[in-house]
Amino acid sequence: MQTVAYPYQPAPERGTLACFLLALFMHLLLGVLLYYGVRWHSAAPEGVAAELWDAIPEAATPAPAITPVPSPKSVEEEQADISLQEKQRKAQQAARDEAQARQRESQARAEAARKEAQRKAMEAQRQSDNTQRQGELARLRAQAGNTGTRAGSGSGAKPSSGYAERVRQRVKPNIIFNDEVSGNPAAVVAVAMAPDGSVLSARLAKSSGNAAWDNAVLRAVQRSDPLPRDENGVAPSNILITFWPRDEGG
Numbered sequence: 374m375q376t377v378a379y380p381y382q383p384a385p386e387r388g389t390l391a392c393f394l395l396a397l398f399m400h401l402l403l404g405v406l407l408y409y410g411v412r413w414h415s416a417a418p419e420g421v422a423a424e425l426w427d428a429i430p431e432a433a434t435p436a437p438a439i440t441p442v443p444s445p446k447s448v449e450e451e452q453a454d455i456s457l458q459e460k461q462r463k464a465q466q467a468a469r470d471e472a473q474a475r476q477r478e479s480q481a482r483a484e485a486a487r488k489e490a491q492r493k494a495m496e497a498q499r500q501s502d503n504t505q506r507q508g509e510l511a512r513l514r515a516q517a518g519n520t521g522t523r524a525g526s527g528s529g530a531k532p533s534s535g536y537a538e539r540v541r542q543r544v545k546p547n548i549i550f551n552d553e554v555s556g557n558p559a560a561v562v563a564v565a566m567a568p569d570g571s572v573l574s575a576r577l578a579k580s581s582g583n584a585a586w587d588n589a590v591l592r593a594v595q596r597s598d599p600l601p602r603d604e605n606g607v608a609p610s611n612i613l614i615t616f617w618p619r620d621e622g623g
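Residue numbers 374 to 623, in my numbering, belong to the letters of the sequence shown in order.
A few of these clues could be false.
Said to hold, decoys possible - Taking lysine to aspartate or glutamate pairs in the EDC-like style, the calculated list, with each CA pair at most 16 Å apart, reads:
no., residue 1, residue 2
1, Lys545, Asp587
2, Lys545, Asp620
3, Lys545, Glu471
4, Lys531, Asp620
I should point out that these hints are in silico values taken from the structure, not numbers from a laboratory.
Can you build the whole structure from these sequences, using the hints too?
This is the structure:
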């Protein structure tokens, strides 16, 4: 009979399963602790409201501005600038005044020259007119001398009865007079005429006592030149005519 030999197997130790389960439980517990520990540290902290009471600080009083004191040198420079500006202003004003004075003087000279030229022109025209008038009067006198005999009367013949009134009616429309006159004073004018009725002169033979009325009548006689001739075709050499402010001569 043959004997069979088996390998040696040690007997299992008691308590191995219990140790395994205990180790597994400890691992699980450690994992749970680690999980909640990490979550607690990562959570945001909740805010806490708190009221702080403290005294309001008073507004600080601003420090007074410190005005820089100018140095003596800067004051002197500023005064020098002011003095220079004043001198320049006075010089400019003097130049303007001088220019204006020269302009006024130039204008005055030009105005005086213009008036002098105008006066000379008027004088020359007056002399020319006088010369022409004298020549015309000489011609008319010569003509009147030739025709006076044929007409039956000369230039010195007595005027007809109605001639003075004809002359007065010719002059009246040319009288310019608007003043108030006390009463109705008469001005008597002596008129010297050429044979054709041209007025050689007009003078006051008797004043009305009102110079304005007298002058108005004399100017009207000059404006009426020439005066009408008499019935014989020749104007008398001299005649007296009476004028009233309020007509009374018919």
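For each hint, the structure was consulted:
no.	hint	result
1	Lys545 to Asp587	13 Å, holds
2	Lys545 to Asp620	9 Å, holds
3	Lys545 to Glu471	58 Å, violated
4	Lys531 to Asp620	25 Å, violated
Going down the numbered hints, you'll see the structure goes against 3, 4, while the others check out.
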